[in-house]
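S.K.: Here the protein sequences come in this chain order: C and W. For the first sequence, the numbering used here puts the final residue at 105, and the numbers step up evenly by one. For the second sequence, the numbering used here puts the final residue at 260, and the numbers step up evenly by one.
The hints are simulated quantities; they were obtained by calculation from the structure and are not laboratory data. There may be inaccurate statements among the hints.
What the hints assert, rightly or not - Below, a list of computed lysine-lysine pairs in the PhoX-like style, where the Cα atoms sit at most 20 Å apart:
#1 C:LYS31 to W:LYS208
#2 C:LYS26 to C:LYS12
#3 C:LYS43 to W:LYS191
#4 W:LYS228 to W:LYS212
#5 C:LYS12 to C:LYS(-1)
#6 C:LYS(-1) to C:LYS26
#7 C:LYS(-1) to C:LYS28
#8 C:LYS9 to C:LYS30
#9 C:LYS43 to C:LYS28
#10 C:LYS31 to C:LYS8
#11 W:LYS191 to C:LYS(-1)
#12 C:LYS28 to W:LYS247
#13 W:LYS217 to C:LYS26
#14 C:LYS28 to W:LYS206
#15 W:LYS191 to W:LYS206
#16 W:LYS247 to C:LYS26
#17 C:LYS31 to W:LYS191
#18 W:LYS191 to C:LYS30
#19 C:LYS12 to W:LYS191
#20 W:LYS206 to W:LYS218
#21 C:LYS(-1) to C:LYS30
#22 W:LYS228 to W:LYS208
#23 C:LYS26 to C:LYS9
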Amino acid sequence: DTEVTQTPKHLVMGMTNKKSLKCEQHMGHRAMYWYKQKAKKPPELMFVYSYEKLSINESVPSRFSPECPNSSLLNLHLHALQPEDSALYLCASSQGIGGGTDTQYFGPGTRLTVL
Amino acid sequence: EDQVTQSPEALRLQEGESSSLNCSYTVSGLRGLFWYRQDPGKGPEFLFTLYSAGEEKEKERLKATLTKKESFLHITAPKPEDSATYLCAVLNTGTASKLTFGTGTRLQVTL
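Work out the full structure: start from the sequences and follow the hints.
M.R.: Take a look at the structure:
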């Protein structure tokens, strides 16, 4: 089973709110990712965690704060977002990084709207 | 810098009309090339991983092939349920886990 789950499916928040997106996988994967996707554009990488440590931060503004509490969970904490942050936020996981374990499996996404 | 170009941007086929989608790539060292299918408002669904030139993979009506400069996704006798955006992405041997995506081909299959 190659399932990545994400909650919530939809989120509407004001610019002063604090919210969190959650991602979970039970495939024993050791790498997890956050992507942002705007309409009719490809996904853009935000963060990569490898073995629960942050390995890539693609110069994402500090109003996005990732957290990896354990090997199955990945959170994205949101604070003081701007309307232009409205997008589909995708979580992905892969078995590892390198050596034929790179295939990333995506979750269904969280549709975020910032008012 | 890695680059991925997909063509055409959009393709409209009648049911049963076979065709191919193209993914041209420039990468200093290819670790892998990936094809995904994405339905509107959903996450990308993994289809294939190709690692070396000459490799081919098949799944139902889809077949992916890889050369040193491009990959093709062949769709044989498509059905309306094959309508989606098809994304191609590459991994560079030097950039660990960062996928570089193309902008996708939007496929519509009509009855």
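S.K.: Now tell me if each hint is right for this structure.
M.R.: Now for the hints, and whether the structure bears them out:
1. For the hint linking LYS31 of chain C to LYS208 of chain W, the alpha-carbon distance of about 26 Å lies beyond 20 Å, and the restraint is violated.
2. Distance restraint check for LYS26 of chain C and LYS12 of chain C: the Cα-Cα separation of roughly 14 Å lies within the 20 Å cut-off, and the hinted pair is therefore satisfied.
3. Pair hint LYS43 of chain C plus LYS191 of chain W does not hold up; C-alpha atoms about 27 Å apart against a cutoff of 20 Å.
4. Distance hint between LYS228 of chain W and LYS212 of chain W is fulfilled; the C-alpha atoms sit about 15 Å from each other, no more than 20 Å.
5. This hinted pair checks out: LYS12 of chain C and LYS(-1) of chain C have alpha carbons roughly 10 Å apart, not beyond 20 Å.
6. Simply put, LYS(-1) of chain C and LYS26 of chain C have alpha-carbon atoms about 14 Å apart, close enough for the 20 Å limit, and the pair holds.
7. Between LYS(-1) of chain C and LYS28 of chain C the alpha-carbon distance is near 16 Å, which keeps this suggested pair within the 20 Å criterion.
8. In summary, the hint linking LYS9 of chain C to LYS30 of chain C is not supported, as the alpha carbons are separated by about 25 Å, beyond the 20 Å threshold.
9. For a cut-off of 20 Å, the pair hint linking LYS43 of chain C to LYS28 of chain C is broken: about 27 Å separates their Cα positions.
10. Only pairs whose Cα atoms come within 20 Å are accepted, and LYS31 of chain C paired with LYS8 of chain C is rejected, the gap being roughly 26 Å.
11. At roughly 10 Å between alpha-carbon atoms, LYS191 of chain W and LYS(-1) of chain C fall within 20 Å of each other, so this suggested pair holds.
12. Of the supplied pair hints, the one linking LYS28 of chain C and LYS247 of chain W holds, its CA atoms being roughly 18 Å apart against a limit of 20 Å.
13. At roughly 29 Å between alpha-carbon atoms, LYS217 of chain W and LYS26 of chain C are farther apart than 20 Å, so this suggested pair is violated.
14. This hinted pair does not check out: LYS28 of chain C and LYS206 of chain W have alpha carbons roughly 30 Å apart, beyond 20 Å.
15. Of the pairs offered as hints, the one joining LYS191 of chain W and LYS206 of chain W is violated, with about 24 Å between alpha carbons and a cut-off of 20 Å exceeded.
16. A distance of roughly 13 Å separates the Cα atoms of LYS247 of chain W and LYS26 of chain C; the hinted pair therefore holds under the 20 Å criterion.
17. Our distance criterion of 20 Å between C-alpha atoms is met by LYS31 of chain C and LYS191 of chain W, whose separation comes to about 13 Å.
18. For the proposed pair LYS191 of chain W and LYS30 of chain C, the alpha carbon gap of about 12 Å is at most 20 Å, so the pair holds.
19. Between LYS12 of chain C and LYS191 of chain W, the direct Cα distance comes to roughly 16 Å. Compliance with the 20 Å bound is thereby established for this hinted pair.
20. Using a Cα cut-off of 20 Å, the hinted pair LYS206 of chain W and LYS218 of chain W holds, with the two alpha carbons roughly 17 Å apart.
21. At most 20 Å may separate the alpha-carbon atoms for a hinted pair to count; LYS(-1) of chain C and LYS30 of chain C meet this at roughly 19 Å.
22. Only pairs whose Cα atoms come within 20 Å are accepted, and LYS228 of chain W paired with LYS208 of chain W is accepted, the gap being roughly 14 Å.
23. With a C-alpha separation of about 16 Å, the suggested pair LYS26 of chain C and LYS9 of chain C falls inside the 20 Å cut-off, and the hint holds.
The structure fails hints 1, 3, 8, 9, 10, 13, 14 and 15 (numbered hints given earlier, in ascending order).
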